[in-house]
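*Asks:* Those protein sequence lines, which keep their order, are chains A and B.
Residue numbering for the first sequence is 1 to 177, as defined by the numbering used here.
Residue numbering for the second sequence is 1 to 177, as defined by the numbering used here.
Please note that a few of the clues may not be correct.
Unchecked claim - Now the in silico label distances, taken between C-beta atoms and shown as ranges:
no.	chain 1	residue 1	chain 2	residue 2	range
1	A	Ile107	B	Lys123	53 to 59 Å
2	B	Gly91	A	Asp150	42 to 48 Å
3	B	Lys121	A	Gly100	40 to 46 Å
4	B	Asp110	A	Gly100	38 to 44 Å
Said to hold, decoys possible - Some chain B residues near chain A, calculated using beta-carbon distances under 10 Å:
no.	residue
5	Val108
6	Gln117
7	Ser142
8	Arg151
9	His166
Simulated from the structure, these hints should not be mistaken for lab results.
Note that CB positions come from ideal geometry on N, CA and C, so glycine has one too.
Number of protein chains: 2
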Amino acid sequence: MGVAGRLSSNGTADDAESRVHDEHHETLRLWLRLLTCTLTIEGKVRARLRERFATTLPRFDLMAQLERNPRGLKMGELSRRLMVTGGNVTGITDQLVAEGLVRREPIVGDRRAYAVQLTPKGKRAFDAMAAEHERWVEELMSGLTRAERDRLYALLGRLKSTIREHDKEALLKEVRP
Amino acid sequence: MGVAGRLSSNGTADDAESRVHDEHHETLRLWLRLLTCTLTIEGKVRARLRERFATTLPRFDLMAQLERNPRGLKMGELSRRLMVTGGNVTGITDQLVAEGLVRREPIVGDRRAYAVQLTPKGKRAFDAMAAEHERWVEELMSGLTRAERDRLYALLGRLKSTIREHDKEALLKEVRP
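Please construct the entire structure, taking both the sequences and the accompanying hints into account.
*Replies:* Given below as structure tokens:
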């Protein structure tokens, strides 16, 4: 994810948010604060996955996708679900196969395709990571009161849905300009 | 950035947030909603940079760093400020140099080092992108009322500062266990 200093600033670089000139619009500040919070938490998750499980976020994400699709996913489906391009899905899958965490199963009726699944060993490894992951997130968020977290959750929900509305309007304009 | 489905879910995959089992803790839901909002906005910024300026987010971020450091940055400083590893800072810099947007200047008194700077052409190109970037963000956030944006900004500020407090405590524990 490219991130830092999405806009110019005279301040001392500290995080993405500190990189906004005073005159910049408040929505830009809001966006950079959102980005900073996300990057901070993600950075901590990344560091802990490395320290505690000697693994990476792309590996964890890939295994998370397989965990919720126990019947397996074709490579194309897996790539799409990972939302983010790059990260070399094939390379990571090969690695996980070599470590016995993931397997490739032929798909009945489709000779050329196979489904990627977690092995039982992979499922156990993922469950252990997921449980710790949840505790880390809880710990990081625990400085907010429950009421603050609820308000934040509701406001982010509003943001998410207004962005989707915005998409629909943009689409309608394209269809009937 | 690894992202999607950081946790398992039975729901239909729609975004990161939809991938949480009901029994998962509310803090995890909050984190995934934060992540979803960030990724959604970032994805739109990425797409528009590509469509409007045929450029990428890492290129934009790199130029943003140079814009706010008009005297130039050494490569090591530039990498550090970009916060995110990867993205191949050297490769992107070479590209921008080849396009006349960035130049390498020798540093007086340090024969082996040079500073990377925006050229005037690079500064103009960046300013044009930054102005549009700000409008996109404004547009995306405009579904929220000003009062909602203010509340969201304040709550994210709380989150940011409590995570920093958390870091300090963790550090103290390490120093005097």
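*Asks:* Would you mind marking each hint as holding or not holding in the structure?
*Replies:* Cross-check of the supplied hints:
1. A/Ile107 / B/Lys123: 53 to 59 Å: 54 Å, holds
2. B/Gly91 / A/Asp150: 42 to 48 Å: 45 Å, holds
3. B/Lys121 / A/Gly100: 40 to 46 Å: 54 Å, violated
4. B/Asp110 / A/Gly100: 38 to 44 Å: 51 Å, violated
5. Val108: 24 Å, violated
6. Gln117: 14 Å, violated
7. Ser142: Holds. Min distance 7 Å.
8. Arg151: At 6 Å from the nearest chain A Cβ, B/Arg151 passes the 10 Å test, so the hint holds.
9. His166: 6 Å, holds
Violation of the numbered hints given earlier is confined to hints 3, 4, 5, 6; the remaining hints are satisfied by the structure.
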